[in-house]
Every structure is written in structure tokens, then in C-alpha cells.
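As they're listed, the protein sequences go chains A and B. Just so it is clear: in the first sequence, position 182 is 182 by the numbering used here, and no numbers are missing. Just so it is clear: in the second sequence, position 110 is 110 by the numbering used here, and no numbers are missing.
Please note that a few of the clues may not be correct.
Which copy? The list can't say, so a pair holds if one copy fits it or any two copies do.
As the list claims (entries may be wrong) - With a Cα cut of at most 25 Å, we get these calculated DSS-like pairs of lysine-lysine: (1) Lys184 x Lys25; (2) Lys101 x Lys140; (3) Lys5 x Lys168; (4) Lys103 x Lys115; (5) Lys192 x Lys91; (6) Lys87 x Lys192; (7) Lys192 x Lys5; (8) Lys140 x Lys5; (9) Lys164 x Lys140.
It is worth saying that the hints were derived from the structure and are not from the lab.
2 protein chains.
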Amino acid sequence: MEELKVLAVEGGRLPSVSFKARGEKTVLVGVLMRRFRVVDLSWRLIEIDGLDATEKAIEIASDLPSPDLIMLGSVTCAGFNILNPFKLNEKLGVPVIVVVKEKPNNEAVYSALIKHFPDWKERWRVFEELAEKAPIRHVKVEEGNPVYLEAISISGEEAEKTIKAFLKWGRLPEPLRVAEIIAKGASRSLFKTLGLHG
Amino acid sequence: MEELKVLAVEGGRLPSVSFKARGEKTVLVGVLMRRFRVVDLSWRLIEIDGLDATEKAIEIASDLPSPDLIMLGSVTCAGFNILNPFKLNEKLGVPVIVVVKEKPNNEAVYSALIKHFPDWKERWRVFEELAEKAPIRHVKVEEGNPVYLEAISISGEEAEKTIKAFLKWGRLPEPLRVAEIIAKGASRSLFKTLGLHG
Numbered sequence: 001m002e003e004l005k006v007l008a009v010e011g012g013r014l015p016s017v018s019f020k021a022r023g024e025k026t027v028l029v030g031v032l033m034r035r036f037r038v039v040d041l042s043w044r045l046i047e048i049d050g051l052d053a054t055e056k057a058i059e060i061a062s063d064l065p066s067p068d069l070i071m072l073g074s075v076t077c078a079g080f081n082i083l084n085p086f087k088l089n090e091k092l093g094v095p096v097i098v099v100v101k102e103k104p105n106n107e108a109v110y111s112a113l114i115k116h117f118p119d120w121k122e123r124w125r126v127f128e129e130l131a132e133k134a135p136i137r138h139v140k141v142e143e144g145n146p147v148y149l150e151a152i153s154i155s156g157e158e159a160e161k162t163i164k165a166f167l168k169w170g171r172l173p174e175p176l177r178v179a180e181i182i183a184k185g186a187s188r189s190l191f192k193t194l195g196l197h198g
Numbered sequence: 001m002e003e004l005k006v007l008a009v010e011g012g013r014l015p016s017v018s019f020k021a022r023g024e025k026t027v028l029v030g031v032l033m034r035r036f037r038v039v040d041l042s043w044r045l046i047e048i049d050g051l052d053a054t055e056k057a058i059e060i061a062s063d064l065p066s067p068d069l070i071m072l073g074s075v076t077c078a079g080f081n082i083l084n085p086f087k088l089n090e091k092l093g094v095p096v097i098v099v100v101k102e103k104p105n106n107e108a109v110y111s112a113l114i115k116h117f118p119d120w121k122e123r124w125r126v127f128e129e130l131a132e133k134a135p136i137r138h139v140k141v142e143e144g145n146p147v148y149l150e151a152i153s154i155s156g157e158e159a160e161k162t163i164k165a166f167l168k169w170g171r172l173p174e175p176l177r178v179a180e181i182i183a184k185g186a187s188r189s190l191f192k193t194l195g196l197h198g
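Modelling step: build the complete structure from the supplied sequences, incorporating the hints.
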């Protein structure tokens, strides 16, 4: 477990000025860690509400040493751009664990998708497949509130054990905590560089 | 020491295609850490062989919680762009420690500067001031080779103690090790995004 190479993938913030402007971009960050040790990093730009996050995550992985496991902080990023965990599992050949702080609410996702996206079926399919193949697992962690995980190509028990071995500061496993901080900071700097406001 | 907030600043790689092309840019990354814990991040673009790194480092600091200490992996970045530790100390009001793996060689720097830079005096002044006010301190660390440090607004002894408390994986204090990895990875991805080669 100590030497497991984990690739954590996280999307950055949205620029506030382009809330309604499709086509704007933010960062998608991949951080490779060996438990608590940062080993490597790569990033790409992804479209707000686009459908390019999965493909960009695969590009990010190709920049880095091969991981033993992928961790995602969410299936959505950059608004409703989709990180498809099944495709990542298929293309990269390693298990994927999705770890979220709030219990996934598929009804809310469904409502938002049908309301705002003509291509909602393509996006919704991923949530359906996840609900079917990767039942949500409630994981108690030391710091108060639980986290929820969905595991692909790895048993729920094994996924839970792995997550717990990667906890250090807070509720999220360290690779996701670090990836989240970097994605947030990197996108904020991107918007400053571009003259937008994060 | 545990709770000391350290801002580590590192420049990214150079794009290989623009070795001679002044005006090209790379990233300057600032990582804020509490000992081994990544807390926040910001970045800016800086000019290869430009003179904007100090000013951009101050902008980076202004994005982040106030640090108690600055760590630099070098006084130069992005070629011969200068991170002026005296100006950082003056503007940010906290001690600065420069930690390098190779013993600083001012003769080589001087030769390169007078050969390539019409404004070499402005750049060289920083090295002169450093040699005068912050004598190089040889620090033995556990992993084989030593590191060298130059300390501003903090005694050599205190700087050495601090560096050692921040060692975890390898010879560099953790904030600099992490900042170096992020700067390298972030610049590599930048060049891919721009169609250059890092």
C-alpha cells in the first residue's frame, strides 16, 4: 500500500464571468502520488460543460508514470463535463475509485442535465452505469462526516481499505486533497492571467 | 516549526524550441506548505531570461495566506531571470532561505551574464549582495550529498535547523521538493498546450 502509485484527477474552478458562456475553459489536474508523497504532475485545459474531460485525463495519464490506481473526486468537473470512470478503467487498465464528501444525488443531477443539456443522455448514461455497477459505499472516517465511494475493478472492501490508508489531513485521501488544492489554485491563477475572475 | 507556513517558489523548465528566443515564457510556481502538508498554490508566467520573476513571486504571495518564511531553490529561474531574495524579504517581511543542491558558482554565473546580457550589472548585483550578506552554508543531510543554503533575515544556524525539520523525502526540504515537481510538470503541460516541446 505504501508504494501504490495513485493518480488523482481533479477539475479546477469555474471563472465567475463565464457562468453562462460555454466554451470557456478551466484546468484539469492530475497528481501522481505514492501515498503521502507527491511524485509528478500534469494538467490540461478542459471546456466548461464540455465533454472532453475523460480524453484529457487519459492524455494527462500518458504524461506520467503508470499508476496502480485512479482516484476521482467526482464524476463531473468543470460544470457538467464528465470524467467517465469506466472509460478510464478500460483505457488505463487500473481500478478507479470515486470518493466524494457529499452523498451522490442522482435525481438532482438528472434534473440539471435534462434541463440544460440537449446531449443529456450521453452524460446521464455514466451516472446510470455507475449506479448499476458500483454501488455507493458509505465510509466512516475519523474526522466527523463520512465520505462516499464508488469502486470500479476493485471490491468495495478493498477500495475502503485503500482510501483509509491514504488519509492524513482531513476526510479525503491525500492524493485527492492535494489534487483539489492544486486544481483550485491553478485555475484561480489561470483566470488572473486571462483577466477573468475565479 | 510544525505549523510554520512556508512559501516555496520555483521556476519551470525552458521550452527546448525557444532556447535562443527571448520573450518566450514558462511558469513560476508558489506552493504554500505547513511542513509536509500542501496548503495552497498559485502560479504566474515569467519570461525566459527576463527580469520579471521577483515581481511575479510577489504577486503569487499576494494570492496566498501570508507565509512565515520563503524558500527558493535558486536565485535564477527561467534561464537567467532573477528571484531577488532581498526584495522578497523587504516586500513580504519574512526571512528567505535559498537552498541549492550544487555549490553556487559565482564565477560561472558572472561569465555567462557578461557574455549574454547587456543588462548584466543589474542581475549580477543580486549575486554580489548575496555573497556579501548571506555567506554560503554547507549543510550535511542524511541522504549522501550536502545542500548549500544562503539565509536572509534569519541566522545560518536557525535556517539550517528549519531546513532539516522540513526534510522528508530526499535532500530538499519538502516545500521545495514539491514546488520543483509541480513547476516541472506544469511547464511541460504548458508547452504541450502551446505546441512547444519542454
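Right, here's what the structure says about each hint:
Both within a single protomer and between protomers do Lys184 and Lys25 lie at most 25 Å apart by alpha-carbon distance, with minima of 13 Å and 22 Å respectively. Taking identical chains as interchangeable, the C-alpha atoms of Lys101 and Lys140 lie at most 25 Å apart only when both belong to the same chain, with a minimum of 11 Å there against 43 Å between chains. In the homo-oligomer, the alpha carbons of Lys5 and Lys168 lie at most 25 Å apart both inside one protomer (16 Å) and across protomers (18 Å), since each shortest distance falls under that limit. Taking CA atoms no more than 25 Å apart as the test, Lys103 paired with Lys115 passes inside one copy only; the shortest distance there is 22 Å, against 62 Å between copies.
With identical chains, the CA atoms of Lys192 and Lys91 are at most 25 Å apart between copies only, with a shortest distance of 21 Å across copies and 34 Å within one. For the homomeric pair Lys87 and Lys192, the shortest alpha-carbon distance between copies (23 Å) is at most 25 Å, but the shortest distance inside one copy (33 Å) is not. Proximity of Lys192 to Lys5 under the C-alpha cut-off of 25 Å is restricted to the inter-copy arrangement: shortest distance 24 Å between copies versus 33 Å within a copy. Taking CA atoms no more than 25 Å apart as the test, Lys140 paired with Lys5 passes inside one copy only; the shortest distance there is 24 Å, against 30 Å between copies.
Within a single copy, Lys164 and Lys140 get their C-alpha atoms as close as 9 Å, which meets the 25 Å cut-off; across copies the closest is 36 Å, which misses it.
Violated hints: none; the structure is consistent with every hint.
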